[in-house]
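Same order as they appear, the protein sequences are chains G and Y. Sequential numbering of the first sequence, starting at 52, is according to the numbering used here. Sequential numbering of the second sequence, starting at 52, is according to the numbering used here.
Among the hints, erroneous ones may be present.
Heads up, the list lumps identical chains together, so a pair's fine if it works in one copy or across two of them.
[Unchecked claim] Computed cross-link-like contacts, DMTMM-like style, restricted to lysine to aspartate or glutamate with a CA-CA straight-line distance of at most 20 angstroms:
hint: 1; residue 1: K114; residue 2: E57
hint: 2; residue 1: K58; residue 2: E301
hint: 3; residue 1: K114; residue 2: E282
hint: 4; residue 1: K58; residue 2: E274
hint: 5; residue 1: K234; residue 2: E301
hint: 6; residue 1: K58; residue 2: E161
hint: 7; residue 1: K234; residue 2: D143
hint: 8; residue 1: K234; residue 2: E55
hint: 9; residue 1: K88; residue 2: E302
hint: 10; residue 1: K88; residue 2: E301
hint: 11; residue 1: K261; residue 2: D144
hint: 12; residue 1: K54; residue 2: D107
hint: 13; residue 1: K88; residue 2: E57
hint: 14; residue 1: K300; residue 2: E55
hint: 15; residue 1: K234; residue 2: E283
hint: 16; residue 1: K234; residue 2: D147
hint: 17; residue 1: K261; residue 2: D243
hint: 18; residue 1: K300; residue 2: E274
hint: 19; residue 1: K114; residue 2: D324
hint: 20; residue 1: K58; residue 2: E302
hint: 21; residue 1: K88; residue 2: E55
hint: 22; residue 1: K54; residue 2: E302
Simulated from the structure, these hints should not be mistaken for lab results.
2 protein chains.
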Amino acid sequence: MLKELEKKKVFSGYQYRYQHDSQVLKCSMVFTLFLPKLDNKQTIPLIWWLSGLTCDDQNFATKGGFQAYAQANQQAIVIPDTSPRGEGVPDDDAYDLGQGASFYLDASQEPWSQNYLMYTYLSQELPELVKSLIPNFSGQEAIMGHSMGGYGALMLALRQPERFQSVSAFAPITNPSQVEWGKKAFSNYLGDNHHQWQTYDPIYLLDQEKVPPMLITQGTADEFYPNQLTEEAFLSAANQHNHQVTYNKEEAYDHSYYTIASFIGQHLAFHHDHLRDNI
Amino acid sequence: MLKELEKKKVFSGYQYRYQHDSQVLKCSMVFTLFLPKLDNKQTIPLIWWLSGLTCDDQNFATKGGFQAYAQANQQAIVIPDTSPRGEGVPDDDAYDLGQGASFYLDASQEPWSQNYLMYTYLSQELPELVKSLIPNFSGQEAIMGHSMGGYGALMLALRQPERFQSVSAFAPITNPSQVEWGKKAFSNYLGDNHHQWQTYDPIYLLDQEKVPPMLITQGTADEFYPNQLTEEAFLSAANQHNHQVTYNKEEAYDHSYYTIASFIGQHLAFHHDHLRDNI
Numbered sequence: 052m053l054k055e056l057e058k059k060k061v062f063s064g065y066q067y068r069y070q071h072d073s074q075v076l077k078c079s080m081v082f083t084l085f086l087p088k089l090d091n092k093q094t095i096p097l098i099w100w101l102s103g104l105t106c107d108d109q110n111f112a113t114k115g116g117f118q119a120y121a122q123a124n125q126q127a128i129v130i131p132d133t134s135p136r137g138e139g140v141p142d143d144d145a146y147d148l149g150q151g152a153s154f155y156l157d158a159s160q161e162p163w164s165q166n167y168l169m170y171t172y173l174s175q176e177l178p179e180l181v182k183s184l185i186p187n188f189s190g191q192e193a194i195m196g197h198s199m200g201g202y203g204a205l206m207l208a209l210r211q212p213e214r215f216q217s218v219s220a221f222a223p224i225t226n227p228s229q230v231e232w233g234k235k236a237f238s239n240y241l242g243d244n245h246h247q248w249q250t251y252d253p254i255y256l257l258d259q260e261k262v263p264p265m266l267i268t269q270g271t272a273d274e275f276y277p278n279q280l281t282e283e284a285f286l287s288a289a290n291q292h293n294h295q296v297t298y299n300k301e302e303a304y305d306h307s308y309y310t311i312a313s314f315i316g317q318h319l320a321f322h323h324d325h326l327r328d329n330i
Numbered sequence: 052m053l054k055e056l057e058k059k060k061v062f063s064g065y066q067y068r069y070q071h072d073s074q075v076l077k078c079s080m081v082f083t084l085f086l087p088k089l090d091n092k093q094t095i096p097l098i099w100w101l102s103g104l105t106c107d108d109q110n111f112a113t114k115g116g117f118q119a120y121a122q123a124n125q126q127a128i129v130i131p132d133t134s135p136r137g138e139g140v141p142d143d144d145a146y147d148l149g150q151g152a153s154f155y156l157d158a159s160q161e162p163w164s165q166n167y168l169m170y171t172y173l174s175q176e177l178p179e180l181v182k183s184l185i186p187n188f189s190g191q192e193a194i195m196g197h198s199m200g201g202y203g204a205l206m207l208a209l210r211q212p213e214r215f216q217s218v219s220a221f222a223p224i225t226n227p228s229q230v231e232w233g234k235k236a237f238s239n240y241l242g243d244n245h246h247q248w249q250t251y252d253p254i255y256l257l258d259q260e261k262v263p264p265m266l267i268t269q270g271t272a273d274e275f276y277p278n279q280l281t282e283e284a285f286l287s288a289a290n291q292h293n294h295q296v297t298y299n300k301e302e303a304y305d306h307s308y309y310t311i312a313s314f315i316g317q318h319l320a321f322h323h324d325h326l327r328d329n330i
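Sequences and hints are given; from them, build the entire structure.
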């Protein structure tokens, strides 16, 4: 059952917050959806935003400053939560594991494998539901995110290159197999099978003929850069496979939503260029 | 002693969060200051933002979406806290009295009169400090705010019409003497002397020859409109005294920061039109 928790008018459009019972995640989930006011009878694309560690669907909604651009570009924006939630859902005291830290994959290990199936949730259950809420959906999708969510956006786009027209990320974890955040998450959710790790690591997913165009923004004053947010291996692998990545280092910007707000207009313009109306 | 708590790059400018010991309020205070990156060697004006009940200096900083416009218009923006703060400062369990609910006046009643001197703080101590942090200050000021802070902006601008070039407000309490929020605050902070109430009520302050131009935005879906946020008596008094008020009712917008973000560009353009560079 879908329940509308909130409806806010913002920049002429409406931003909704919904709750639903997820069959895949076996818990109650919330998500936020912005629908622009239509300029005319055109159809509009759907762009996914995946948030970082500790966030839920509200951080980007309240602090991302995307609505003015999404209204101008006529784009629907959906913001899922960052993990399954609730008392019955396994968790960990650390901020970078369990609730708020799903890494958007399908976990194979106990105690996570019952609920932590975010990859399937974001690929099947939630898209079906969200698309039903966009009366004039064009059929086209793009995806973007921040930090863990920047990783999630790259991973989903590279695993589903036919689904997404374009992908962008702020401060993404491009090579989770090789950094502390990723190694901790992968070993807990996926166990020791490093072949399985590679099926979720963007670097290994670059090894295919055609992938969506990629835009990455990385602030140089980011407190997690370059420790968790390495770029060299990813850019080198992309180059090796002749894939197009626009990688922008932004001087003195940090890991916060202020950086996202400052460049989200550029990211939505990038997606706008790659999304075409199906009329 | 001034302490820098935070420095964030946003839309090319820098947003600072400072802490200082207030002599007037007899407690430690924080405030946020946005300084745009200068386009050239021009001087820039200072615009005050006063927040609503329960807020501090961070709500508008993170959710107001003002920085892109302040950068483009070359405006410094300062966001004070909404009251004195700390363990030694009197408080009340209700959200609309005590800490977070100063109403920006100088209290005359116990237990408030020792610390709750926000009017003096915003007129003398804080301006002096803030101006010293703007290397290229033009000498010109404007003021704006939301709800209780919209009231505060109107009240300060009408009491100091020579100081402020313009004033704007979102969902302001225009007539505090006549609504529950204002009557509760005024009776606690000022006692029963209704003559003193009038010196803080914008409606009575309209009775003078020259006041700054005023812009007010009010959402029609605001949960406190019109109960706490009456406009008729204020607009009628302004009209009677031949003062210019632009009053915009915005269909379906509510009391949240989404409304502020949607129209802050319009407000900053209004101030931009009335603030002139002193070069």
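Verification of the hints:
no.: 1; hint: K114 to E57; verdict: both (17 angstroms within a copy, 17 angstroms between copies)
no.: 2; hint: K58 to E301; verdict: between (34 angstroms within a copy, 16 angstroms between copies)
no.: 3; hint: K114 to E282; verdict: neither (26 angstroms within a copy, 30 angstroms between copies)
no.: 4; hint: K58 to E274; verdict: between (35 angstroms within a copy, 13 angstroms between copies)
no.: 5; hint: K234 to E301; verdict: neither (27 angstroms within a copy, 50 angstroms between copies)
no.: 6; hint: K58 to E161; verdict: neither (38 angstroms within a copy, 42 angstroms between copies)
no.: 7; hint: K234 to D143; verdict: within (16 angstroms within a copy, 48 angstroms between copies)
no.: 8; hint: K234 to E55; verdict: neither (37 angstroms within a copy, 36 angstroms between copies)
no.: 9; hint: K88 to E302; verdict: between (35 angstroms within a copy, 13 angstroms between copies)
no.: 10; hint: K88 to E301; verdict: between (32 angstroms within a copy, 15 angstroms between copies)
no.: 11; hint: K261 to D144; verdict: neither (40 angstroms within a copy, 61 angstroms between copies)
no.: 12; hint: K54 to D107; verdict: within (17 angstroms within a copy, 32 angstroms between copies)
no.: 13; hint: K88 to E57; verdict: within (17 angstroms within a copy, 37 angstroms between copies)
no.: 14; hint: K300 to E55; verdict: neither (39 angstroms within a copy, 26 angstroms between copies)
no.: 15; hint: K234 to E283; verdict: within (18 angstroms within a copy, 62 angstroms between copies)
no.: 16; hint: K234 to D147; verdict: within (11 angstroms within a copy, 48 angstroms between copies)
no.: 17; hint: K261 to D243; verdict: neither (30 angstroms within a copy, 76 angstroms between copies)
no.: 18; hint: K300 to E274; verdict: within (14 angstroms within a copy, 43 angstroms between copies)
no.: 19; hint: K114 to D324; verdict: neither (24 angstroms within a copy, 28 angstroms between copies)
no.: 20; hint: K58 to E302; verdict: between (37 angstroms within a copy, 14 angstroms between copies)
no.: 21; hint: K88 to E55; verdict: within (19 angstroms within a copy, 41 angstroms between copies)
no.: 22; hint: K54 to E302; verdict: neither (43 angstroms within a copy, 24 angstroms between copies)
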